[in-house]
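**Q** Take a look at the letters that make up each chain.
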Amino acid sequence: MTRGIWDRETVALLLLAAALPLAATWLLSTGMTGALRLVFVLVAAGLWHVAFMLARAQPPSFAGALTALAIALLAPVDLGPIPMLLGISFGVVAGELAFGGWGRNVVNPATLAIAFLGFGFPAAPWPVLPIQLGWSVIAVVAIGTFAGVIAWRVVAGAGAAIAVGWYSLGLGMPVATAAAVVLVLLVCDPVTSASTNLGRWLYGLLYGALVLLFALGWKGAVPVQVAVSAALLASLAAPLLDEIAIRLWLARRKRLG
Amino acid sequence: MALLDRGQTEPTDTLKSASAEIQTRITDQCALFSQPQDDFRVETLVAQGARVRQGAPVLRSRRQPELTLVAPVAGEVAAIEFGPGRRLVHILFFHLPDAGRHAHDVAAARGGDDAPATRALLLSAGMWTRLRSRPFGRVPAPAEQPSAIFVMALDTRLDAPPPTLALAGREEDFLRGLRALARLTAGPLVVCHDGSAIPAQIAGLGENVRFHRIAPVHPKGLAGLQIAALHPAEAGRPVWDVHAEDVADFGALLATGLVPETRLVSVSGLALRENRLMRCQPGADLRALCFDIVKPGPHRLLTGLHDGVEARWLGPWARQVVAVKGATAPPRRHWFSAALRSAGRPLPIIPTAALDEAFGGLLPSTALMRALAANDAETAARFGALSLIEEDLALADYLTAARPRFAIMLRAMLDRVAAEERA
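Protein sequences appear in the order of chains H and P.
Letter 251 of the first sequence, counting from 1, is numbered 1247 in the working numbering, and no numbers are missing.
Letter 22 of the second sequence, counting from 1, is numbered 71 in the working numbering, and no numbers are missing.
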């Protein structure tokens, strides 16, 4: 009869709390420009949340703020307000709200918006992430894992793959930083990542492997572009990885009769 | 899942200290009852006002005439109430200590060696309702052949009475009950334990008795999760589960012919000044168990913490009485927030560590919850939903604050599957 607190909004708030070190580090390094950009994305995404609340009775979610942070941090810079609005609207509406809001979406809305902007406006430069952002990711992972909202298996899988690249394939610091930031902001979103234990390992490994592949084999790609593309492809494969894990689990159960 | 207090599965200190001296309290009133959805049609074997001995048959099922319910105390039949179609609502007893105890004839069962006679004895002595059959979580049909029996010699629910205490000094009865139960199934009899409640001398129990040690961490001590993990129940492949104390009661019945009088229950909750363990009769009046330790102010009595329902009497499977502060009127909501709250049911569930912990890592939690929420009975059954009942999802409900509750969605799905099976 008693009720717990782990509903959707608690999880969203804890994810936001976990992302605070990253957000603070980023704001410290970008200053007013970054703050204005973040406010712009927040307002644009928030308007869509309000629109869907009024039109569809869909409660808005704090996860929208996390989406806005990811877009502000990772989307191409120097785009101008209209393309940004287009990209944010596409990501938030087609990626999340049209499916019924956070918790029912198939891909992460921020991933979708950033990929849309990146590939739709190829002339716009991708952001260069300061190195300290990569270190703040350690705090994000610590808080998120402690609170149980970030799956440590995904982080461990991705970390293993990237560590292999770092030590044996000569992966650079910029790529590692971008991969780490994208890992916590986009890949570890609990809704669109794999949800079985084996699936989480595979999902993290797949993301790390895609980062390695793109970083080493994609001529002319910049670090954030590499990481976002890997996140998009990995999140599309997440249901398949879950299916593999569940098939294996069911096959092991066969002998139970 | 660090924010989930792992210490919760340990009995609280007050319960531990209370275990030193467990008082026995036979409440003045007690009752046998059934819910309308149980569809339990009965004929009475005693008249209102009659004196009955403890353990004497008082009700017989109309559909299954072998199944009898017995008086939980020595006393007087105070009231019998029926719903439509002579469905039992409740039969109420007043306790009269000098009314004596009824002895059942146990010669035919030969201490549990004769399986059909044991079955008949459990049915006629009112002990059959202590068993629970899955799928669907009902009292098993009298002729049902279980494909496995799970004996739960641990209870990991917060503040639940430790079976170790219930079994202390009753090892002989427990072993005799296990031997008798093992003959009721052709499959395995699995004794789930945490290493503390098992008698030292367990030889000669029969080939199909297995001991399965479980870390005493909630929810791993729930019968449903263990059944789903070890021996999944399906339609036509029923699995029974029974509490270890009830097995000891079976053993005592087989030895003496007397139905044991009491059961160990815990009384706890935020509306009480202290928590306590006590022995009381089945069907005891919950109010009489805690009237002297309840804090001032309104409260509600539940039969379980996360899985509890509001009740007046102790049910056949209940061992926990929880008093919660409460019964205030729900806050009045503005129509706007009410619309937002009710538009998107069932609410989405975010797969977090909390959800994984709610199934002890034994089942694919997210896939199972999504199948339940989507009302996909086939997929949910593949993930073990037919082995589960409401109490197994209570922790998931508690942690995720799911609306509607998973337990309700599971019950609706089980009822539908059961209706399809009958058709």
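Keep in mind the hints are simulated off the structure, nothing from the lab.
Just to be clear, a hint being listed does not mean it is correct.
Said to hold, decoys possible - Using 25 angstroms as the maximum straight-line C-alpha spacing, the simulated SDA-like pairs for lysine to any residue come out as follows:
hint, chain 1, residue 1, chain 2, residue 2
1, H, Lys1250, P, Thr73
2, P, Lys269, H, Gly1000
3, H, Lys1250, P, Phe82
4, P, Lys269, H, Leu1082
5, H, Lys1250, P, Glu406
**Q** Take the hints in turn and mark each one as holding or not.
**A** How the hints compare with the structure:
1. H:Lys1250 <-> P:Thr73: Judged against 25 angstroms, a Cα distance of about 47 angstroms means the pair is violated.
2. P:Lys269 <-> H:Gly1000: holds, 19 angstroms
3. H:Lys1250 <-> P:Phe82: violated, 40 angstroms
4. P:Lys269 <-> H:Leu1082: Status violated; Cα separation ~50 angstroms.
5. H:Lys1250 <-> P:Glu406: Given that 25 angstroms is the threshold and the Cα spacing comes to 24 angstroms, the pair holds.
Checked against the numbered hints given earlier, this structure breaks hints 1, 3 and 4; the rest are met.
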